[in-house]
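Residue strings, one per chain:
There are 2 protein chains.
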Amino acid sequence: MQLPSALLENAVLQFSKLPGIGKKTALRLVLHLMKQDVNEVQFFGETIAKMRRDIQFCQRCFNVSDGHICSICSNSQRNQRMICVVENIRDVIAIESTQQFNGTYHVLDGIISPLDGIGPDQLNIEPLILRIKNEGIEELVFALSPNIQGDTTIYYIQKKLEQFPCRITTIARGIAFGGELEYADEMTLARSIANRLPIQQYVK
Amino acid sequence: MQLPSALLENAVLQFSKLPGIGKKTALRLVLHLMKQDVNEVQFFGETIAKMRRDIQFCQRCFNVSDGHICSICSNSQRNQRMICVVENIRDVIAIESTQQFNGTYHVLDGIISPLDGIGPDQLNIEPLILRIKNEGIEELVFALSPNIQGDTTIYYIQKKLEQFPCRITTIARGIAFGGELEYADEMTLARSIANRLPIQQYVK
Chain A
59 MQLPSALLEN
69 AVLQFSKLPG
79 IGKKTALRLV
89 LHLMKQDVNE
99 VQFFGETIAK
109 MRRDIQFCQR
119 CFNVSDGHIC
129 SICSNSQRNQ
139 RMICVVENIR
149 DVIAIESTQQ
159 FNGTYHVLDG
169 IISPLDGIGP
179 DQLNIEPLIL
189 RIKNEGIEEL
199 VFALSPNIQG
209 DTTIYYIQKK
219 LEQFPCRITT
229 IARGIAFGGE
239 LEYADEMTLA
249 RSIANRLPIQ
259 QYVK
Chain B
59 MQLPSALLEN
69 AVLQFSKLPG
79 IGKKTALRLV
89 LHLMKQDVNE
99 VQFFGETIAK
109 MRRDIQFCQR
119 CFNVSDGHIC
129 SICSNSQRNQ
139 RMICVVENIR
149 DVIAIESTQQ
159 FNGTYHVLDG
169 IISPLDGIGP
179 DQLNIEPLIL
189 RIKNEGIEEL
199 VFALSPNIQG
209 DTTIYYIQKK
219 LEQFPCRITT
229 IARGIAFGGE
239 LEYADEMTLA
249 RSIANRLPIQ
259 QYVK
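The listed protein sequences correspond, in order, to chains A and B.
So for the first sequence, this note's numbering puts the first residue at 59; every next one is plus one.
So for the second sequence, this note's numbering puts the first residue at 59; every next one is plus one.
Among the hints, a few may not be true.
Copies of the same chain are indistinguishable here, so a pair counts whether it falls within one copy or spans any two.
Said to hold, decoys possible - Under the rule of at most 30 Å between Cα atoms (straight-line distance), these lysine-lysine pairs were calculated in the DSSO-like manner:
#1 Lys93 x Lys75
#2 Lys108 x Lys82
#3 Lys75 x Lys108
Just so you know, these hints were derived from the structure itself, not from any lab.
Chain A extracted, bound-state conformation (with noise of 0.2 Å):
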């Protein structure tokens, strides 16, 4: 695709380095921009650049967060007490839109993969273990990926907690709603029958 412009060119270009985002779509979206106000388009510019120079990590639970301490860890109204671990933030704005989680988070940012060559010193482990050990942690809620290398993780972090006096859990695998048994994988399926709830937890 030959550009008539190298300012547009230019422009095309780093659309395209967006994950999922071709030539075609970055052009669709240039020149879109292109009929938009000049200055609009320059607050656009602004915006971006200063969430990446101002955006900072909560020193707690390395949540994205404007200040050293974000949002959720600073709340007393939630339960600091209980730790959701999961891998990275998008997960943490999964589980805040059900509204269903009141205690704080801790991000891992990633998952044990030794064929990635992601190992536990890569990731916020330590900090959890000294969360753990000085925060009183009365439960730790695991919300990792359902495979090897979430399961790997899992067996890590339990290992290390063992001398301490919390609760650890993990999210219940099962069937998703609407889901049609005949369709479900047999693990799913075989899990969610060893774990059956009575009907009247169920229906809670």
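On the provided structure of chain A, position chain B as indicated by the hints.
Here is chain B on its own, set in the frame of chain A:
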């Protein structure tokens, strides 16, 4: 979707204003940028803003340009007596990428569409008439959308040009390469039969 940081929220809001980008995709893009180098993201923002601020439109053909006259209009290797009339800049880029057209363009910046309140005066039609009058144009090729608005626009411009000795053509409509006959619409199929070509011309 509740986000844990105002900086993040603002950046997501900016991205989700773009066409075809919802809140979830915007978040994915912003989280990607968050992991890039600060200077690179700064450059991203600046490139977009600079594009909008500095981009110009060719005073002759209304294509995007880095100067007063675009690179196609100022290229003496191209046939400056032939104009391809298109609706927008995307069409110029599409035709250029075929490398089959060696003339110049004229971007109407829309198409006559009374229902949308777009009349001839809102389009770059008057400058086109002036070009034909002053530049000794020999052929005008219409490459507009094959619908009522496109046909109306062609008819309107054609009427205005009756006094000039300029050949007027339109790009061929027909069955696309790789298209199946049985799935082609009747109009296209009928036109492609009416405008059939001698086989020698087809394989040329």
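Consistency of the hints with the structure:
1. Lys93 x Lys75: both (22 Å within a copy, 13 Å between copies)
2. Lys108 x Lys82: Both. Shortest intra-copy (27 Å) and inter-copy (20 Å) distances satisfy the 30 Å Cα cut-off.
3. Lys75 x Lys108: both (19 Å within a copy, 18 Å between copies)
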